[in-house]
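Asks: Protein sequence lines, in the order shown, are assigned to chains A, B and C.
Mapped onto the numbering used here, the consecutive letters of the first sequence carry residue numbers 143 to 275.
Mapped onto the numbering used here, the consecutive letters of the second sequence carry residue numbers 143 to 275.
Mapped onto the numbering used here, the consecutive letters of the third sequence carry residue numbers 143 to 275.
Any given hint could turn out to be false.
You can't tell identical chains apart in this list, so a pair holds if it fits in one copy or across any two.
Simulated crosslink set (BS3-like; lysine-lysine; CA at most 27 Å straight-line) [to be verified]:
| hint | residue 1 | residue 2 |
| --- | --- | --- |
| 1 | LYS176 | LYS148 |
| 2 | LYS202 | LYS157 |
| 3 | LYS176 | LYS157 |
| 4 | LYS210 | LYS152 |
Note that these hints are calculated values from the structure, not bench results.
Values in this document were obtained by computation on a predicted structure and should not be read as measured data.
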Amino acid sequence: MASLTKLVVKTTARKQLVDITDKVADIIIASKIKTGICQLFIAHTTAAITTADLDPGTDKDYLDAFEKLMPELSYRHSHNPNHVVDHILSSIIGPSLSVFFENEQIILGAWQRIVIVELDGPRERNILIRLID
Amino acid sequence: MASLTKLVVKTTARKQLVDITDKVADIIIASKIKTGICQLFIAHTTAAITTADLDPGTDKDYLDAFEKLMPELSYRHSHNPNHVVDHILSSIIGPSLSVFFENEQIILGAWQRIVIVELDGPRERNILIRLID
Amino acid sequence: MASLTKLVVKTTARKQLVDITDKVADIIIASKIKTGICQLFIAHTTAAITTADLDPGTDKDYLDAFEKLMPELSYRHSHNPNHVVDHILSSIIGPSLSVFFENEQIILGAWQRIVIVELDGPRERNILIRLID
Numbered sequence: 143m144a145s146l147t148k149l150v151v152k153t154t155a156r157k158q159l160v161d162i163t164d165k166v167a168d169i170i171i172a173s174k175i176k177t178g179i180c181q182l183f184i185a186h187t188t189a190a191i192t193t194a195d196l197d198p199g200t201d202k203d204y205l206d207a208f209e210k211l212m213p214e215l216s217y218r219h220s221h222n223p224n225h226v227v228d229h230i231l232s233s234i235i236g237p238s239l240s241v242f243f244e245n246e247q248i249i250l251g252a253w254q255r256i257v258i259v260e261l262d263g264p265r266e267r268n269i270l271i272r273l274i275d
Numbered sequence: 143m144a145s146l147t148k149l150v151v152k153t154t155a156r157k158q159l160v161d162i163t164d165k166v167a168d169i170i171i172a173s174k175i176k177t178g179i180c181q182l183f184i185a186h187t188t189a190a191i192t193t194a195d196l197d198p199g200t201d202k203d204y205l206d207a208f209e210k211l212m213p214e215l216s217y218r219h220s221h222n223p224n225h226v227v228d229h230i231l232s233s234i235i236g237p238s239l240s241v242f243f244e245n246e247q248i249i250l251g252a253w254q255r256i257v258i259v260e261l262d263g264p265r266e267r268n269i270l271i272r273l274i275d
Numbered sequence: 143m144a145s146l147t148k149l150v151v152k153t154t155a156r157k158q159l160v161d162i163t164d165k166v167a168d169i170i171i172a173s174k175i176k177t178g179i180c181q182l183f184i185a186h187t188t189a190a191i192t193t194a195d196l197d198p199g200t201d202k203d204y205l206d207a208f209e210k211l212m213p214e215l216s217y218r219h220s221h222n223p224n225h226v227v228d229h230i231l232s233s234i235i236g237p238s239l240s241v242f243f244e245n246e247q248i249i250l251g252a253w254q255r256i257v258i259v260e261l262d263g264p265r266e267r268n269i270l271i272r273l274i275d
């Protein structure tokens, strides 16, 4: 049983894809677990976690598509109706992700990166990480 | 190793977001595991599981956006073409979720709740839950 | 601790939903774990993993809806702007899934199947599978 790690990521823009693959890799190397599953969870409602292709410019493609995807409706959300779509998109993409590692290396596709999707930044975002052997 | 728990939730409307956070918290407290991961899975094809912000009225915002999001096409689905979009949306949001807990407390963002998305209710929905220490 | 299994699936069309439930069931039966969680991860950025209803014709309904869902924009992605939407959709549906099994049987809804969503095939797709007891 590995202990729980909290990874804090400071995002720098209102909308952003942040590659956290190297930070996750560091946590795996710092642990004593060589092979297993790395569970990730983002403890927020205007950000999500997934994997993505980050070929140059593609992060902006993602963000443009996310914005166009969400219907423009007369929303009720009292806190700030303008950003309810950020909540909805976060729930659709989802807050949890599981990746695998073997011999301390994360197993990803050739262009696959672990990313957090920031939809209401800039902010400090808390990602919980736990390794299971 | 914790045993498998089946949580049955009776939904009360055709479309609904149901907050199951307190029920999941009860299962964690009733277990002997203080810190770990809580895995959830919904065994249905017209409902999904995720986290959401449930500020008053926001549940309706989610449901309105989900309905507008899905394209109106001439679908083939023989069982009932009208509700094929419920299947598709369920698959996109996804049936599985992992949350973390520490000292018997689920670790969530300030406004983050664990929800099931009911898209073809009212029904009894089965959620499988397992705690990993 | 179960060892890591790599499942290779050859897809046969550009866009396709492939039912891998029986292959996952075989892996569970071949293991010595009777009850637990089966973690799945697809190591690609133009394919995703989820559960779906596969009533005849419904796979095509999913693919039609996915195509209509994605906004037509002037994308930047330098590798091939035409398929950036395949990356985006893969990230939204997600690369990881957790299912439960009991007495060597996967616990799914009546019509629920484990599927990979192929968005840029035909290809060999690698799915990592690990059982946790």
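Asks: Taking the numbered hints from earlier one at a time, note which ones the structure violates and give those numbers from smallest to largest.
Replies: Of the numbered hints, just 3 does not hold.
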